[in-house]
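Q: Take a look at the letters that make up each chain.
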Amino acid sequence: MNQRRETAQAATNFVVVGVGGQGILLAADVLALVGMRIGLDVKKAEVHGMAQRGGSVISHVRWGEHVMSPLISAGEVDHLLAFERLEALRYAEMLRPGGTLLINDYRIAPISVSSGNDIYPSDADEEKAYASATVHRYCIQAMEMARELGQVRVNNVVMLGTLSAFLDVPEDVWLEVISSRVPERYGEINRKAFALGRTHTLGLL
Amino acid sequence: MKRLLSGNQAVARGAWEAGVRVAAGYPGTPSTEILETLAPMPGIYAEWCPNEKVATDVAVGAAYAGSRSMAVMKHVGLNVAADSFFYASMTGLEAGMVIACADDPGMHSSQGEQDSRRYAKFARVPCLEPSTSQEAKDMVGIALDLSEEFDTPVLLRITTRISHSHSIVELGPEREPSNGQAPPYRVDTTKYVMVPGNALRRHPVMEERIPRVAEYANQADYNRIEMGDTSLGIVTHGIAYQYAKEVFPHASFCRLGMTYPLPPQLIADFASQVDGLIVVEELDPAIEEEIKLMGIACEGKSIFPMVGELSPEIVRECAISAGLLAESSRPQQVHLDLPSLPPRPPVLCPGCPHRGIFITTRKLNLVVSGDIGCYTLGFLPPLGALHTCGCMGASIGQAHGVSKAGIQQKHAAVIGDSTFFHTGIPALLNIAYNQSNTITIILDNRTTAMTGHQHHPGTGYTLQGQETPSTELEPLVRALGIPNVYTVDPYNLAQVEEVLRECTGLDSPSAVISQRECVLLPAARVRNLALRVDVDKCIACSTCRRVGCPAILKSDEVYPRTGRAKTAIDPLLCTGCEICAQVCSVNAILFRSQIEAEQGVEA
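Listed in order, the protein sequences are those of chains A and B.
Residue numbering for the first sequence follows the numbering used here, beginning at 136 and increasing consecutively.
Residue numbering for the second sequence follows the numbering used here, beginning at 823 and increasing consecutively.
Source of the hints: derived by calculation from the structure; they are not laboratory data.
Quick reminder that beta carbons are idealized off the backbone N, C-alpha and C, glycines included.
Treat the hints with care, as some may be off.
[To be verified] Per the computed footprint, the stretches of chain B lying under chain A, defined by three or more beta-carbons under 8 Å from a beta-carbon of chain A, are:
1) 983-989
2) 1078-1092
3) 1126-1140
4) 1168-1177
5) 1366-1380
[Said to hold, decoys possible] Anything over 12 Å on all C-beta distances counts as not near chain A; from chain B, calculated:
6) 861
7) 1107
8) 1307
Please construct the entire structure, taking both the sequences and the accompanying hints into account.
A: See below:
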């Protein structure tokens, strides 16, 4: 039993959540490749196909000496990167006590909400939900930052920059991996997006 | 060299390293990326076929011709290919052949979660199952060697969590270039012509093969024993091995890389060394049943679920319930005081051309027999316009059956272009032959959209992106014998309604080809132009919100007379298809021409 705990603790567990089309798979790719670049075993799990058509999407990434399951159990997530506020609520209970919850301050209404059949949780609902949760929660204006850069789509990379502030990995490694994963003509704006998220978050800590 | 590869990418790499010359398949989640990864690799020919049966026959033909081959499909594709799968097991082959089949436990993107290992036993075909991307790569070569040694096709069964999980792979040596010489075709009619007389001689060969493979499997290094604490022995396979290993780090393991046939001696030895034996397997109790048939006691599905995907969490919870683990082994979790959260199921994209058809069939109150593709999502509220979905190509036959049985409402079949080529053609031929007044609506969005835009016989391009003649739907449908054929633009609601109304009045079969490319294709994206609501005109009737477009939102502004929220349009999501603008009774949503005129003024 103790060894299982040790295994779980030896691994660093990330979950990236959001809405299909928000760049979750790219973010998870970068995260996995960064782990590999710093010499760790990595596994990444995600789902393609129907789930990606505007649905709720989750990707698991694990770093460790030797990673077994690509899926992470609830209670074993160290860092939850949420690209959307409702999805943050949906998956926050996967965090371990003391885990880090990074939320892109952005809302996308599910179709049941926009067609008037459901209600999107209010600010007050959210505050109440998180009130008793023992997590480190940061709300990031990633969408705004991306908009300032002139390309809202890079908000996923702003979020990666934010996450990087919590990890002991050289900035160069992140930037190299990001550059290798985006088309060259978007390299500059993605590197800027990363730096913006990172600098902003380092300022908060 | 080490690379981070998905299981699918690893299978492709494995096929290339192992000298596969011909690979064929039909796209289907979670298998699609295998052929996409393979397509640009040198020295190997890969193609999308109209369906999995054709793909399997192509692979069989290549293997009969003396070249290594691979057929690729998802689990339900193997149903389509089953006929070919069985005869290939009867005849054997001249060179190695592997069927890479991706099951979808949990049905992330499928209509069922059948366990393909049952086909292995059914057709007497050996089945290999990797637990990592490394094994997914290596097992392609192992499967081909086995195929040649035992003269049988081999099933490489992967699952969603293998296909779409990435792990680190040590690449093997690059394949040697072919000498360019085609082998002569070896004729052997007693082996390859399955008339009853020959088939009677082949059936015993097929039956005798399995005990020989089982004997070999006792020694195979991918069937491995990892001894630990002997109070509990766990037999497991595939991704379930990773989950079980994480939940029971101290237990003894028998990890099966071949799950049909099982290695009898290995399992008997393992069972004799442990106090209790459990089987952790995803979906069916295929391993458990075989072990019990050997007369060895074990527990499996009495502890772990038969339905759905496993996870470390599920394995742990089941083990706790069965008393195999202490309650304290459960990780501590954060708890939130959550309100009820609106679900977020997948939806038809903003600007999806299928929407124009569904709005109209709903308006005309048509009962709609549906099929497999993005358009299946038309069943969801607020559209609620599709009423059945069973399997690829089922819609047209179903609609014909509805017609022959007779119902009070008018009805139609909807089927995508790729699905029509897959298995819709014989069903439409049946309508022409047996004459019903069925309306067949072919949703021609010029691609296989749901699986991520693969080419098909109607797109004019091959898997490699090479130009090829495209099969046009209208002449094809006419050639099948359908007299009334119409082509409509689904963005033009008035036209769609006029044509469908005409079809519902006909006594003979009709086909409506709804032609508009998928809104996610680059050719469509360049035309994206966000529409906007004239808030002064909007009367908050919410008609536009019932078209089920994710770009249509509730505005913060309220219509004073009713107190209801007006509509707003998300400029990031809207593509400018104008469907909402056409349903608006007060012209509150600006058409593209109006937006363009405004922008022209600004410029």
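Q: Next step is simple, just say for each hint if it's right about the structure.
A: Cross-check of the supplied hints:
1. 983-989: holds (count 5)
2. 1078-1092: violated (count 0)
3. 1126-1140: With 4 residues in contact (Cβ-Cβ under 8 Å with chain A), the coverage given for the stretch 1126-1140 of chain B holds.
4. 1168-1177: holds (count 4)
5. 1366-1380: holds (count 7)
6. 861: About 17 Å separates residue 861/B from the closest Cβ of chain A, which puts it past 12 Å; holds.
7. 1107: Since the minimum Cβ distance to chain A is about 22 Å, residue 1107/B lies beyond 12 Å and the statement holds.
8. 1307: 30 Å, holds
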